[in-house]
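Respectively, the protein sequence lines represent chains A and B. Under this note's numbering, the first residue of the first sequence is numbered 1, with each subsequent residue one higher. Under this note's numbering, the first residue of the second sequence is numbered 1, with each subsequent residue one higher.
To be clear, the hints were calculated from the coordinates, so they are not data collected in a lab. Treat each hint with caution, since some may be false.
Across the chosen pairs, the derived CB separations fall in these ranges [to be verified]:
{"id": "1", "chain 1": "A", "residue 1": "Asp-75", "chain 2": "B", "residue 2": "Tyr-129", "range": "35 to 45 Å"}
{"id": "2", "chain 1": "A", "residue 1": "Val-80", "chain 2": "B", "residue 2": "Ile-80", "range": "30 to 40 Å"}
{"id": "3", "chain 1": "A", "residue 1": "Phe-128", "chain 2": "B", "residue 2": "Ser-83", "range": "26 to 36 Å"}
{"id": "4", "chain 1": "B", "residue 1": "Ile-9", "chain 2": "A", "residue 2": "Pro-52", "range": "47 to 57 Å"}
{"id": "5", "chain 1": "B", "residue 1": "Leu-88", "chain 2": "A", "residue 2": "Asp-74", "range": "56 to 66 Å"}
{"id": "6", "chain 1": "A", "residue 1": "Pro-107", "chain 2": "B", "residue 2": "Phe-118", "range": "39 to 49 Å"}
With a cut-off of at most 20 Å between alpha-carbon atoms, the simulated PhoX-like pairs for lysine-lysine come out as follows [said to hold, decoys possible]:
{"id": "7", "chain 1": "B", "residue 1": "Lys-107", "chain 2": "A", "residue 2": "Lys-96"}
{"id": "8", "chain 1": "A", "residue 1": "Lys-95", "chain 2": "B", "residue 2": "Lys-104"}
{"id": "9", "chain 1": "A", "residue 1": "Lys-95", "chain 2": "B", "residue 2": "Lys-117"}
{"id": "10", "chain 1": "B", "residue 1": "Lys-120", "chain 2": "A", "residue 2": "Lys-95"}
{"id": "11", "chain 1": "B", "residue 1": "Lys-111", "chain 2": "A", "residue 2": "Lys-96"}
{"id": "12", "chain 1": "A", "residue 1": "Lys-96", "chain 2": "B", "residue 2": "Lys-104"}
{"id": "13", "chain 1": "B", "residue 1": "Lys-107", "chain 2": "A", "residue 2": "Lys-95"}
{"id": "14", "chain 1": "A", "residue 1": "Lys-93", "chain 2": "B", "residue 2": "Lys-117"}
{"id": "15", "chain 1": "B", "residue 1": "Lys-111", "chain 2": "A", "residue 2": "Lys-95"}
{"id": "16", "chain 1": "A", "residue 1": "Lys-93", "chain 2": "A", "residue 2": "Lys-47"}
{"id": "17", "chain 1": "A", "residue 1": "Lys-93", "chain 2": "B", "residue 2": "Lys-111"}
In silico contact screen, one side only, chain A against chain B (beta carbon under 7 Å); selected entries [stated by the list, open to error]:
{"id": "18", "residue": "Gln-38"}
{"id": "19", "residue": "Thr-63"}
{"id": "20", "residue": "Lys-96"}
In this text the structure is predicted, and so the values were computed from the model without any measurement. All C-beta atoms in this analysis are idealised placements derived from N, C-alpha and C, irrespective of residue type, glycine included.
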Amino acid sequence: MLSKIDDNVTLIDPQKELDKGAEKAEVYQPILLEAQWQTPGLYLAQKVAGNPLVRFVGENLQTDFIQVIIIVDDDPEDLVDSIFSAEQEMYNKFKKLRFDVRLRVIPVKESIEIVKKATIRNYDRDIFKPKL
Amino acid sequence: MLPVEPSIISFLISDMVIQEKGTNKWSAIGIFDKIIAIQFPFVQPRVALYIRLSDAEGDYDIRIEFCDDNDCILAIFEGIRLSIPSRLHNPDLGITTLNLPIQKPGKFYFKLFFNGKFAKDFPLIVEDYSKR
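Produce the complete structure using the sequences and hints provided.
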C-alpha cells in the first residue's frame with residue numbers, strides 16, 4: 001500500500017532549487033477569506049450572541065443528529081422569541097439536517113463548565129465579552 | 001442584465017492555499033479528495049478550496065454548501081463576492097475554511113452556487129479507518 005504512495009512523493013531540496021541571487025518568493029495566506037463553515041450553532045450564535053444574557057452556544061455532533069445548546073442567564077420573552085425565530089430560519093437554511101435546539105437557563109452565579117462541553121464552541125461569553 | 005453563468009474549470013480540495021505576492025499565482029498544498037478518520041463524528045479543522053472559473057462576466061455571490069449523499073446540508077460557506085470585468089479573465093480564488101463538521105463516513109459534496117443558482121458539485125469521500 002505504502003509503496004504506491006511512495007511513487008508519488010517528490011523530494012525537493014530548497015538549496016538546489018533556488019537559483020543563486022534569486023530572491024525568496026514571498027507568500028501570504030488569504031486571511032481575509034478565512035472563515036468558519038456556517039453550521040446551525042454558528043448561525044444561532046451570530047443571531048443571538050449580541051444579547052448580554054447569552055452565555056454560551058455550542059454544538060454536539062452525533063453521527064445522525066446535531067444538538068445545538070444555548071445557555072442563557074435568564075429567558076425573557078424577547079430573547080426566547082429571537083431564539084425560536086432563528087431556529088425556524090435554521091430549519092429552512094439547513095434542509096434535511098436533523099438537529100434540535102436545547103435552551104438552558106442557568107443563573108449567572110452558577111458554573112456552566114459541565115454543560116458547555118460541546119464538539120464545536122460557537123460562542124462563549126467568558127471569552128468574547130469585552131474586558132472592562 | 002444578469003451575469004453570464006460561469007464555467008468551473010478547476011476545483012481543488014486541499015490542506016492549504018497560498019497566493020504569491022506580485023504574481024498573484026495560487027498554490028494548493030496537500031490536495032486530497034478523501035479523508036480517513038479514526039472516529040466519528042469529527043470536525044476537520046482546516047479545509048482549503050481553490051476555484052478557477054472561465055466564461056464569467058459580472059458580479060457573482062458565491063455560496064458553497066457541504067452536503068451528504070441524501071442532499072442534507074451540513075454546513076454552508078457564503079459571503080464571497082466576485083466582480084469580473086470581462087470574459088477575457090479566468091478568475092481564480094482560494095478559500096481557507098475552518099471547522100468543517102463531518103458526522104459519519106460516506107460520500108459528501110461541495111455544491112457551488114453562483115447568485116443562488118446551482119452550478120456544480122464536487123465529491124469528498126470520507127472513510128472509517130477501522131473498516132479498511
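Evaluated hints:
Range check, Asp-75/A to Tyr-129/B: Cβ separation about 43 Å, and the 35 to 45 Å hint holds. Between Val-80/A and Ile-80/B the Cβ separation comes to about 34 Å, which falls inside the hinted range of 30 to 40 Å. Between Phe-128/A and Ser-83/B the Cβ separation comes to about 33 Å, which falls inside the hinted range of 26 to 36 Å. Ile-9/B and Pro-52/A have their C-beta atoms about 48 Å apart, which keeps the hinted 47 to 57 Å range intact.
The hinted window of 56 to 66 Å between Leu-88/B and Asp-74/A holds, with their beta carbons roughly 59 Å apart. In this structure the supplied range 39 to 49 Å holds for Pro-107/A paired with Phe-118/B, their Cβ-Cβ distance being about 47 Å. Taking the CA atoms of Lys-107/B and Lys-96/A, the gap is about 16 Å. The hint holds against a cut of 20 Å. In summary, the hint linking Lys-95/A to Lys-104/B is supported, as the alpha carbons are separated by about 18 Å, within the 20 Å threshold.
Straight-line distance between C-alpha atoms of Lys-95/A and Lys-117/B comes to about 16 Å, which keeps the hinted pair within the 20 Å bound. A distance of roughly 18 Å separates the Cα atoms of Lys-120/B and Lys-95/A; the hinted pair therefore holds under the 20 Å criterion. Distance restraint check for Lys-111/B and Lys-96/A: the Cα-Cα separation of roughly 15 Å lies within the 20 Å cut-off, and the hinted pair is therefore satisfied. A hinted pair counts as satisfied when its Cα atoms are at most 20 Å apart, and Lys-96/A with Lys-104/B qualifies at roughly 16 Å.
Our distance criterion of 20 Å between C-alpha atoms is met by Lys-107/B and Lys-95/A, whose separation comes to about 17 Å. Simply put, Lys-93/A and Lys-117/B have alpha-carbon atoms about 15 Å apart, close enough for the 20 Å limit, and the pair holds. At roughly 14 Å between alpha-carbon atoms, Lys-111/B and Lys-95/A fall within 20 Å of each other, so this suggested pair holds. For the given pair, Lys-93/A sits about 14 Å from Lys-47/A by alpha-carbon distance, which is consistent with the 20 Å threshold.
Between Lys-93/A and Lys-111/B the alpha-carbon distance is near 14 Å, which keeps this suggested pair within the 20 Å criterion. For Gln-38/A, the interface hint holds, the least distance from its beta-carbon to any beta-carbon of chain B being 5 Å, beneath 7 Å. Annotation: interface hint on Thr-63/A holds; nearest CB of chain B at approximately 4 Å, less than 7 Å. With its C-beta approaching chain B no nearer than about 4 Å, Lys-96/A sits inside the 7 Å limit, and its interface hint holds.
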